[in-house]
Amino acid sequence: MLNGLIVSEKNSLISGERRKALRQYVVSEEQLQAGIGALQQGHSVFLSATNDGAKDSVAHYHDIRTSVGVVLSWCERLIDGAPGRTFEEKLNTADLTARNLFASINLLQEQLELADIIANPSAITYGQQNLSSLTGFWYRMVKLFEPRAHSEKASIEFLGHGNVVSVRAYNSIQFLPLILLDNAIKYSYRGRTIYVELSLQRDALSISVSSYGKTVVPEFREKIFEKNVRGPNGIAENPEGMGMGLFIARQISTAHGYSLFYEPPEPDLPVGNNKFVLRIPREFLIFDRQ
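Numbering-wise (my numbering), the sequence shown opens with residue 20 and increments by one.
Some hints here could point you the wrong way.
SDA-like cross-link-like pairs, simulated, lysine to any residue; straight-line CA separation at most 25 angstroms [what the hints assert, rightly or not]: (1) 246 with 136; (2) 162 with 139; (3) 294 with 238; (4) 205 with 193.
Simulated from the structure, these hints should not be mistaken for lab results.
Whenever a hint applies, use it, and build me the whole structure from the sequences.
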């Protein structure tokens, strides 16, 4: 919107001293269209430049992933020297520092994979849907995040309540625990426990990630799922954030037919329990035989 311009072909009523004072605001129709065209062209160039920059950044992430893979292979060789027949047995008998190093490198690999989705959200539904164990995968992600939580003086507890449930989903579903657990650790108060709970109801399975800290202010409880939007408490606690995590998580959930929402504490207080809930309708669930 260009305010205050006077198009000469459409306004001939101004005269005298007033016309002289407003002369600087008078433009022709041709000048106006040329100016609008220049703005539109500049906008297109800007978008193209930002997209190229994003592509270059993601390409660089692929190189970093390769390097991380090399580091992981050396860590696996280190663990291979521990007692045990299988790698899992060796990992369990390795010292805590080696186990934490292995989990941290695995977590870094998972986070680097997320870069592709951030740069290209349409990749959420790439490929075929595969059978995925919700119980096993969320438990594994909790274990991967344990060293990170401990470094922040917090802990994580997984509550499965004996539910062994799977779904058919795109590979992008792996990023939901990555985003929600990362946020929980960032905004949790020190010395508190983060709870990941699978709860089966009559019509759906709820997977909740709860942490204790400053709660999301009411007017931002839906807005935080929008692109590049962060609540004031989130900005204060972690100024470096971009406001992309929850946006991507909501996009992934919606693409699968699930819902993701914030559940405020009861009573609703400035400091309390922050709970993010992934709700998967029962028709998507596959119950594993035990």
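Verification of the hints:
no., hint, in the structure
1, 246 with 136, "13 angstroms, holds"
2, 162 with 139, "28 angstroms, violated"
3, 294 with 238, "16 angstroms, holds"
4, 205 with 193, "19 angstroms, holds"
Violated hints amount to a single one, hint 2; each of the other numbered hints is respected by the structure.
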